[in-house]
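> Next come the chains, spelled out residue by residue.
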Amino acid sequence: MGEIAITVENLSKRYTLGLSRRRHNTLGEQLSQGARSFFRRNPDKAGLDSFWALKDVSMEVKRGEVVGIVGRNGAGKSTLLKILSRITEPTEGEATIRGRVGSLLEVGTGFQPELTGRENIFLNGAILGMKKAEIERRFDEIVAFSEVEKFLDTPVKRYSSGMYVRLAFSVAAHMEPDVLIIDEVLAVGDSAFQKKCLGTMDLVGKQGRTVLFVSHNMAAVRNLCSRAILFSAGRVLAEGPSADIVENYLTAIDSSQVGSVPLGERKDRVGEGAVRVVGFEARVPGGTGGGSLRTGAPAEFVIEYAVKQEHPLRRMYAGIVVTDSSGADVFTCSTAMSNADFYGITGKGKLICQTDYLPLKPDRYWVNIKLSEYHGHYTIADEVIRAAGFEVYEGGDSGFVDFGKGAVVVPHNWRLSPGSDLDLQNCVSTKD
Amino acid sequence: MTTTQPEQLFSEQGRNPLRLVRIGAPKSRFSLNLGDIWAYRELLYFLVWRDVKVRYKQAKVGAAWAVLQPLLQMLILTLVFSRIARVPSDGTPYPVFVYTGLLAWNFFSSALTRCTASVVGQANLVSKIYFPRLIMPVSATLSGIVDFGIAFVILLVMMGYYGILPGADVLMLPVFVLLALITALSVGIWMAALNVRYRDIGYIVPLLVQLWFFATPVAYPIGELPEKWRIFYSLNPMVGVVEGFRWSLVPTTSTPDFRIIGMSSVVLIALLFAGIVYFKQMERTFADVV
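For the protein sequence lines, the chains are A and B, in the order given. Going by our numbering, the first sequence opens with residue 1, and the numbers climb by one from there. Going by our numbering, the second sequence opens with residue 433, and the numbers climb by one from there.
None of these hints come from the bench; they were simulated from the model. These numbers were taken from a predicted model, which means no experiment stands behind them. A portion of the hints provided could be inaccurate.
Below, a list of computed lysine-lysine pairs in the BS3-like style, where the Cα atoms sit at most 27 Å apart [stated by the list, open to error]:
1. A:132 <-> B:485
2. A:132 <-> B:489
3. A:196 <-> A:206
4. A:405 <-> A:196
5. B:485 <-> A:150
Start from the sequences, fold in the hints, and give me the full structure.
The structure is reproduced here in C-alpha cells:
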C-alpha cells in the first residue's frame, strides 16, 4: 500500500474541431502539415478551430484505491480515460501506469453478432487483453455470472439486449488487471444486474486493485469510491473524499447550469422561418435559472423565439420532443396537447412549458423543437432536431435509487384492496 | 479465489515487478514497438479465427463459396482467354494454367482488399479499446489462408484429373505464399492507414486491384509480352509470385527469373517497413479520426 499505481503529469489533449470522419483535406495541405508535424514538438501552434479537451491535468492514484471521476459532459473525463487506456495519445504531458491495465469504456466491445455466446466470450476476452488460458480457466465463472448458460451456443444476434449486456459484462468482470479503468458502463442492464456489477467492482477494489471509475451515478461514486476527482472544462477542479466531491459537484451543477443554449445560428433547420427558435433552456421552475433538473421534480422547458416578419404571427403552435441520447423519442410536450393557444405574436419572447413531475431517469437527454404557424393551414415555421441537451440527476439524497426498467418514471402509488369473497371463490374453483 | 499464475499476479510484495506502461509522445518516430504485437499474438489469432468463422457462417452455402468462386473464375477466364482469344498457356492445360495463377492472385487480392478496410471497418474497436493497431491489417491479411487452403485442394483434384504431378519445386511454394502475403501486407498497411483519413481509398483500391490483375500473368503467359517490356513488367512483385506459384506446382512451366523476384522482394520489404512506420505514425490519431 501507499505505492503509486497511476501518475499523470500535465496531461493535455487538444482536439481539432471538424476533424471528423468526413474530413478530406487536400493533398497539398496534408503534405505541408505533414512536413511541419515531422519537425514539430510545438503543438501549441494550432489553428483557431481547436480546443483543449484536457489541459494540464496532474494526479496520482495509489495502488488499491478506487477513485471516482466526476464532472459534467465535456469536462474531459472520457478523454482522460481514453488516454489512460492508450486509445488516443495525449497532445502534451505524460502518464505512467504500473501494472496491467484493463479498460472498459463500453461493454461488449468487439462482440460479433454472428458468433455464439461461447465464441464471443473468447473473442471479447482476447480483445480485453485476457490470455486464452485465462479465459478457459474462468470460463465457467463467466458463464455462471452472466446467467445465459442455456443460450451459450446461440448466436448473440438472437440475444435480448439484457442477455447481451450481461454476457458482455461478465467477460469484463473477470479480467484480472492491476488497474481497471471504467467509463459509464454500469448504466446499462437491468437494475438487479447493475447491483451485481457494482458488487463486483466493490470486490475488485477490496482485492487491492486500482480502479478509476467515471460515472454520473453520484450514489455509486459515493458508495464505491474512497476518493473522487472533479473535472471541469478539461481541468481538475477539486479532489478529495468522494462524499465531499459529490456534494461539491452537485452544488457546482446547480450554479453552472444557468442560461439557455443559443440556437439562432444553427443552420441545420427546416421551416418557413416566420418565427425562429433562438434559444432553449431546461430549468427548475422559478425563472432564476439555478438548480439542476431532478427525477420527479418540477421542470420547465423554455423556448426563446423571435418573429422574423413585420406583421404579427396569427397563431403559433409549439412542441418539443424529448429524446434519449440514442435519438429515440421519450415523450412530447406540445401546445396542441395542452390546448394552449397563442395569437398575434410579434417580436421576441419566451414560451414556457412547465411540468410538475419530470418523469425522466437520471441521464442525458435531448430535445427536438418545432414551431408551427397556422394561417388556414399549418406550416412548419422552424424545426431544430437535437437542439439542446440537458442532464437529469437523481431526485433525492437517498443513495442508489432503483428506477427499475423502462424509459420513464411515472408518479404512482399502491394500495392493497382486501380480496372479496367472489375473488376467493374464483381462485378455489380454478384450482380444482 | 483463483490460483494466481506469474503473468497475471498482482505483484504481492514485489515478487513480480509490475509492467510499466508509459503514455505520451513516443521517443522516436521509428520506435515500432513490434514486441507489442507478439504480446498480443493471441488476439491476432482470435481476430483471424473470428474473420474465418464469420465468413463461413454468414453465407448460406458457407464454405462452398471458397470452392465455387475460383472454379467459376477459372471457367470464365478459360472461355474468354483460351477459347475466344486463343491465348497460349506454355504447354500446360489452360484450366490448370489459369487456376494456378488465380490461386495466387485471389489470395493476394482478397488479402489486400480486406487489409484496406481493416481499420475503418473496426472503428468501434479502435475507439473503445487499446491493442496494437497493426494487428488489424495483419489479421485481415492472414484470414484468407483458409480460403487459400480450400482452393488449393481443388487444384490438387484438377491436377489429378489432368495427370500432372508436381516435382520437387513444390517445396518452394511456401516461399511464394509468403511473398504473396508480404506483397498484400506491404501495400495493404499503407491503404489501411490512408483509408482512415481519406475514404476515397475505399473506392480506389478495387480499381487498383483490377488494373493490377491485368498487369499480372494470371490469364496469359509472360512469354506473350514483348521482350523489351518484360523488365518493367517484372517490377510488379505479383509477376514473380504468380510465375513462382506456377513453376513450383506445374513442372512443365518455365522457371521464373529469381533475380527479379529477389529484387522485388527487397523493394517489398522496404515498402513494408515504410508502411509500418507510416501506420504507426497515423495510428496515434486513429481513434480521433475514424
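> Hints the structure violates: just list their numbers, smallest first.
Going through the list in order, the structure violates no hint and respects every one.
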